[in-house]
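**Student:** Sequence:
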Amino acid sequence: TTHGWFDTPAVREVFERLLGPLRGTNCRLLEVGCWEGVSACSFLDLLGPKAHITCVDPFTGSKEHDDPVHLERFFDENVRRGEHTARVRKIKARSVEGLPLLLTERAKFDFIYIDGSHIARDVLFDAVLA
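Position one of the sequence shown corresponds to residue 1 (our numbering), numbered consecutively onward.
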């Protein structure tokens, strides 16, 4: 995949404004729901070589998708092609499992992007744990 949310100028401008203060710093990001990794790579491109991201995703898609078996393979390939492998931590798990793991590690993040399940109670759960 070569198209992502960041390809839309209005969306990119919002993230550039939000993340501007973190650009060039050793910041840590958390992305819950990373699909094919395009947004993770876009965040890292935007923030520079000191930024790191943790991505939590089971790579199974959700109810509105038809058996997206390619997700993890595309994620890995996008991260590799973007030359971000050393700056990406992939946790292959549903957020209900992955976020508690990060809590036990006392992980801290400068920016959290939640785009996993699109069911309200799931989003609320992700937000509370994040």
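Any given hint could turn out to be false.
To be verified - In silico DMTMM-like pairs for lysine to aspartate or glutamate, Cα to Cα no more than 25 angstroms straight-line: (1) K90 <-> D122; (2) K90 <-> E105; (3) K50 <-> D122.
Note that these hints are calculated values from the structure, not bench results.
**Student:** Now, for every hint given, state plainly whether the structure supports it.
**Tutor:** Consistency of the hints with the structure:
{"no.": "1", "hint": "K90 <-> D122", "verdict": "holds (20 angstroms)"}
{"no.": "2", "hint": "K90 <-> E105", "verdict": "holds (15 angstroms)"}
{"no.": "3", "hint": "K50 <-> D122", "verdict": "violated (31 angstroms)"}
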